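All chains should be built: construct the whole structure from the sequences, respecting the hints.
Counting in full-length UniProt numbering, the sequence shown runs from 1 upward without gaps.
Please note that the accuracy of each hint is not assured.
Once the Cα atoms are required to be at most 30 Å apart in a straight line, the calculated DSS-like pairs of lysine-lysine come out as [unchecked claim]:
# : residue 1 : residue 2
1 : K128      : K172
2 : K298      : K84
3 : K185      : K172
4 : K136      : K84
Label-pair restraints from in silico Cβ distances [stated by the list, open to error]:
#  : residue 1 : residue 2 : range
5  : N323      : Y90       : 35 to 43 Å
6  : S44       : R240      : 25 to 33 Å
7  : N48       : A221      : 17 to 25 Å
8  : K178      : T336      : 40 to 48 Å
9  : W189      : V297      : 44 to 52 Å
10 : R156      : K298      : 43 to 51 Å
11 : K285      : D233      : 36 to 44 Å
12 : W189      : K341      : 25 to 33 Å
13 : V272      : D334      : 14 to 22 Å
14 : T235      : M305      : 29 to 37 Å
Bear in mind the hints are in silico, worked out from the structure with no lab data behind them.
What you are looking at is a predicted structure, and each value in this text was computed from that prediction instead of being measured.
Cβ atoms here follow ideal geometry from the backbone N, Cα and C, with glycine treated the same way.
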Amino acid sequence: MSDVPMPPDVLAQILSWLPVSSLLRFRSVSKSFRALIDSDYVISHHYNNSVQSNSSVNLIFGGDRSLHYLNLDTSDKYANVVNKIHNPLYFAIFETVILGSCNGVVCLCTTEPDNEIAFWNPVVRKFKKTRLSPAKCLEGVGRGVCVKGFGYDHVRDDFKVVRLVQYVGLFKELVYSKIEVFSLKTEAWRETGDFNYHVCNRRYLNVYVNGCLHWLVSEKAEVKDELMIAAFDLTTEAVRFVPKPEFVNEKAQVNLGILGGCLCMVCNYPKVNVDIWVMKRYGVKDSWSKLISTEDVKIIRELDMLRPIVYSKNGREVLLEKNFERLYWYHLEDKTAKRFKVAGMPRLFVTEMFTGSLVQVKLGNASRKVANKDKNDNENRKKKDDFLSKGFRLVL
Numbered sequence: 001m002s003d004v005p006m007p008p009d010v011l012a013q014i015l016s017w018l019p020v021s022s023l024l025r026f027r028s029v030s031k032s033f034r035a036l037i038d039s040d041y042v043i044s045h046h047y048n049n050s051v052q053s054n055s056s057v058n059l060i061f062g063g064d065r066s067l068h069y070l071n072l073d074t075s076d077k078y079a080n081v082v083n084k085i086h087n088p089l090y091f092a093i094f095e096t097v098i099l100g101s102c103n104g105v106v107c108l109c110t111t112e113p114d115n116e117i118a119f120w121n122p123v124v125r126k127f128k129k130t131r132l133s134p135a136k137c138l139e140g141v142g143r144g145v146c147v148k149g150f151g152y153d154h155v156r157d158d159f160k161v162v163r164l165v166q167y168v169g170l171f172k173e174l175v176y177s178k179i180e181v182f183s184l185k186t187e188a189w190r191e192t193g194d195f196n197y198h199v200c201n202r203r204y205l206n207v208y209v210n211g212c213l214h215w216l217v218s219e220k221a222e223v224k225d226e227l228m229i230a231a232f233d234l235t236t237e238a239v240r241f242v243p244k245p246e247f248v249n250e251k252a253q254v255n256l257g258i259l260g261g262c263l264c265m266v267c268n269y270p271k272v273n274v275d276i277w278v279m280k281r282y283g284v285k286d287s288w289s290k291l292i293s294t295e296d297v298k299i300i301r302e303l304d305m306l307r308p309i310v311y312s313k314n315g316r317e318v319l320l321e322k323n324f325e326r327l328y329w330y331h332l333e334d335k336t337a338k339r340f341k342v343a344g345m346p347r348l349f350v351t352e353m354f355t356g357s358l359v360q361v362k363l364g365n366a367s368r369k370v371a372n373k374d375k376n377d378n379e380n381r382k383k384k385d386d387f388l389s390k391g392f393r394l395v396l
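Here it is as structure tokens:
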């Protein structure tokens, strides 16, 4: 029987269903195999298959300058171990923050005024690092806030960082409020225009869904009953508004989140209960449904911030992050919460879910240590002190 070579399109389909770890090993088989695995067809289909099958689910835990990694693709999710992973921005003087993730790429940045940023694929350990220009600093006009977000422009195949800079006057009026966009392809900033709304919840703002970054805003400062959901489209670079669910919000502490690729809203009624709403069809108000409503004391006791992270493999549980220090698996049918504690987890952390992919952001290797620094520590510390003395505050 003669050997009949497998057609390349059939082989590409098979490869697109294999784990990333296997594909990385197979790249060493031959030049033709490497070229096929590195092709846009295999990379895009592999990522889409992973998202649809809820496989290759990974968590990154950020805290200070250390990063930790956990893979959830296992039959026993409680048998996992958190491993420390090298931080591409480890040698920066300022704190490393996980800005967000999309399409298998994690975006890391350092706080103002350092402004180093890395577009990083933790699985293939490749990254591209650059330094952003500082946000505009106005003196004597009130308090400044800089909000950053990360997302992907699917039309131009371009990863982008969005920066919203706001200054509020003595009477809480907007003195300055503009949106700026940084393109990875051009490595340049572009100003898109004014943004005439107050950003309300600033503690966790990188809510990237359906090609848009989402913020809770209001026309007046600190007016909770007039909250709106603003969506900044990374392709058109225009702002539109998304309908919110119908809920009693006089006493609710509200924040946005992402779950299963859908926009969600967390409504915390302190010491009473917490609700999590999910928009199943993006932009359709009637598609909002209440996924979770719990009075479980483990969840609501001393609750300051609750974020849904990911569905379990079977879809029956949701992983919740509480107060940046604890994780719980919440069972949707039993309505019970169980603490998820894994060996090696940091004490305080921000959890970011990303789908393992073959997307390669060229330039650099996360396993290498960067020895050269363009500023010495004393200069960085002096710049940080000068910056903070002006009363400017960065929120991510």
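Self-check item: Broken hints, by number
Solution: 1, 3, 4, 5, 7, 11, 12
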